[in-house]
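Novice: Now for the letters of each chain:
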Amino acid sequence: MSGKLLLLNRRQALTGLAAGAAATAAPGFMTRALSAPKTIKIGVVQPTTGPLAFFTEHIPFVLDQVKKSMGGNITVNGTQHPFEIIIKDSQSNPNRAAEVTQELILKDEVDLIATFATPETVNPVSDQCEVNGVPCISNDAPLEPYFFGRNGDPKVGWDWTYHYFFSGQELVETMIPYWNKLKPGGVIGGLWPNDGDGIAQSDKDHGFPPVFEKSGFKVVDPGRFDMPASNYNAQIGAFKAAGVNIISGVLPPPEFTTFWNGAAQQGFQPEVVYVGKACEFPAAMEPLGDRAIGLTVEVWWSKFHPYSSGLTGQSSLELCDAYEAASGRQWSLPLGFRHSLFEIIFDTLKRTQNLDDKASIRDALKATNYKSVVGTIDFSKGPFPNTALTPLVVGQWIKGSKYPLDMAIVDNTTTPEVPLNGEPTPIKY
Amino acid sequence: MAGAWANQIVQGVLLGGLYAMFAMGLSLSAGVMRFINIAHGDLIVLVCFMVLSLAVGLGVPLLLAVAIIVPLAFVAGYVLQRLLLQRVLGQGVLPVILVTFGLSIIIQNALQGTYGADTRKVPAGSIETATIHVVDGINVGVLPLTIFVAAVLLVLLLDRVLYRTGIGARIRAVSDDPSAANLIGLPSPHIYAIAMGIVGITIAISGAFMAVWTNFDPTSGPSRLLIAFEAVVLGGLGSLWGTLAGGILLGVAQTLGGQFDAAWQVLAGHIAFLVIFTLRPQGLFPRY
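Top line first, the protein sequences correspond to chains B and H.
Under this note's numbering, the first sequence has 140 at position 140, and the numbering climbs by one with no breaks.
Just remember that this note's numbering sits 1000 ahead of the position in the second sequence, which is counted from 1.
If you're looking for bench data, these hints aren't it; they were derived computationally from the structure.
Be a bit skeptical, because a hint or two may be false.
What the hints assert, rightly or not - Pairwise CB distance ranges, derived in the manner of DEER restraints:
1) H:D1136 to B:K155: 51 to 59 Å
2) B:A326 to H:G1113: 27 to 35 Å
3) H:V1149 to B:G422: 37 to 45 Å
4) B:A359 to H:T1219: 37 to 45 Å
5) B:Q353 to H:H1270: 57 to 65 Å
6) H:A1067 to B:N95: 55 to 63 Å
7) B:G289 to H:Q1112: 48 to 56 Å
The C-beta atom is built at its ideal place from N, Cα and C for all residues, glycine as well.
Chain B with its partners taken away, still in its complex shape (with noise of 0.2 Å):
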């Protein structure tokens, strides 16, 4: 019995030095080292740090979930292999997210990137990956920051780099219902800073303000600013001068309490307030107390959607439970994209055809047609190529139970499947 084992590892161990050896003399001729286990490396850039860190809290659990259901390794075409994930800090900042792509694909050598959290990590992340070759899956960055940003032409698409997530169009059909019931024809003031998101949204011809006017909104844009801003004066005056109501826009959390502190010394109340990338985050709503509550949220995922992990088996709801009881934290938007993200790269090297071929990973990558718990993933739908679209909702913060503030659903007409569970409420002050 022992000598069996003894030879058995003798001659995977033989194999394997055979596929390094032709690895290293000539990478063509490796297809007889198919069934041997080898590690896969997935490297991960993400902003650990900086200003976007509250998009990377989910992590830790993502990555436990992950360790315990597939226990280390990965079967493909039948055959064992052990994986390796690699996580890069991207410290909030485009260049060194770029940076350390490189040194993923450099010198880690890794199989497949992913990545995540606004344009400004995943796009140039997703640059690297398309310029080396590298299949490179990512999320939670709007489709048109994603796509126009880098310049993506919708005839061609690209090669290596896939991405899934709301759309910009999709956000202001979701928005425009919902204001419609609170204040019909009232006027919009654009929070829309320097950054990827914000050029995206404020644009003149393909942005928010011109479907904005079409729905009978007034819009006042008072232009780009950049960020970190010592205050927002000259925004909140040219809002109240205008008689703003409703404030859509896209800011980081510490840059949104600077906003709200701001307009509640100088006496400015709209009663709708939708900022992006803030308002979704309760650890970023909380320190407000009270000045949470009524706040807007574009709900891309959330516990009340009916989908389940095809990873886990759990249903959104029991992912959420699962998180609360081993962080003690509340569930939050980015945690299933977070849990889909890891979904979708497992599913995409279970039916990869040769692990030793990127092209081949790429290949199985552009193939998902994946049912993941935050919806269904399927590149081939569009809008632009190399992305998919997923559902969007509106929510509210309301007085919370077990967390100072809860979420409520509060119109679903884009995506009738979510459940509603709150009506839309303007802010009290």
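Given the structure of chain B, go ahead and fit chain H onto it with the hints provided.
Specialist: For chain H alone, kept in the frame of chain B given last:
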């Protein structure tokens, strides 16, 4: 419309109070002690993080935290001058700049290593959102007003100390001519160090206010330094009231620029600085 402009000017003046606060210490070291402290902004950010650690990390009440930091900052300023800056003083302009530049890099990286790159803010409770309704269309935040009043009081106090007290006279004497001061028996290293200790106090106060009013991260020092520099140069070297005026001018220029287009906010401040600097290189109220 006129109301909106008036409002922007009011907000700009209040913002100027914070800028003057940043610039006060620099005004002292550049104008009175005649050297440029490149690490000034980073020292302010260092104080911000100290306030953060005390107030958020250890739960010390904010005012107590400031009360702890102010004497500490005086001692730190004294020691910094005595042990480090004094060694390179009087050897031309460049060595001091290089030493403080090095200090700036050390502080930034030490903060990044200790606290990470996250953007922080110190919560100050209800004062952050408290507001006073002045007239229709103009509201004044209690916190910015407090900072403005504190800046005015600080200028008043420092001006008194420099021009009405014995130690102020000694500081000015040493600053005017160190060798003559030494001749009549003034211990110039000690006096310089006391002046730097006073600078430390202003840094502590402005850092504490900045921690409460705006976001900060380990690398936000240099941008504070730039604004402080402009305020000092605009106001004229050596004049503390001038620094206050310079800060207000920058604050108003920024908010008025922002009223045209938010993208103009920062630029407008710099343009105002350039224009005045070209027309009046010695600053508005130069003392030397």
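Novice: All hints, please: hold or fail.
Specialist: Hints and how they fare:
no.: 1; hint: H:D1136 to B:K155: 51 to 59 Å; result: holds (55 Å)
no.: 2; hint: B:A326 to H:G1113: 27 to 35 Å; result: holds (29 Å)
no.: 3; hint: H:V1149 to B:G422: 37 to 45 Å; result: holds (44 Å)
no.: 4; hint: B:A359 to H:T1219: 37 to 45 Å; result: holds (40 Å)
no.: 5; hint: B:Q353 to H:H1270: 57 to 65 Å; result: holds (58 Å)
no.: 6; hint: H:A1067 to B:N95: 55 to 63 Å; result: violated (41 Å)
no.: 7; hint: B:G289 to H:Q1112: 48 to 56 Å; result: violated (31 Å)
Violated hints for the displayed structure, listed by number in ascending order: 6 and 7.
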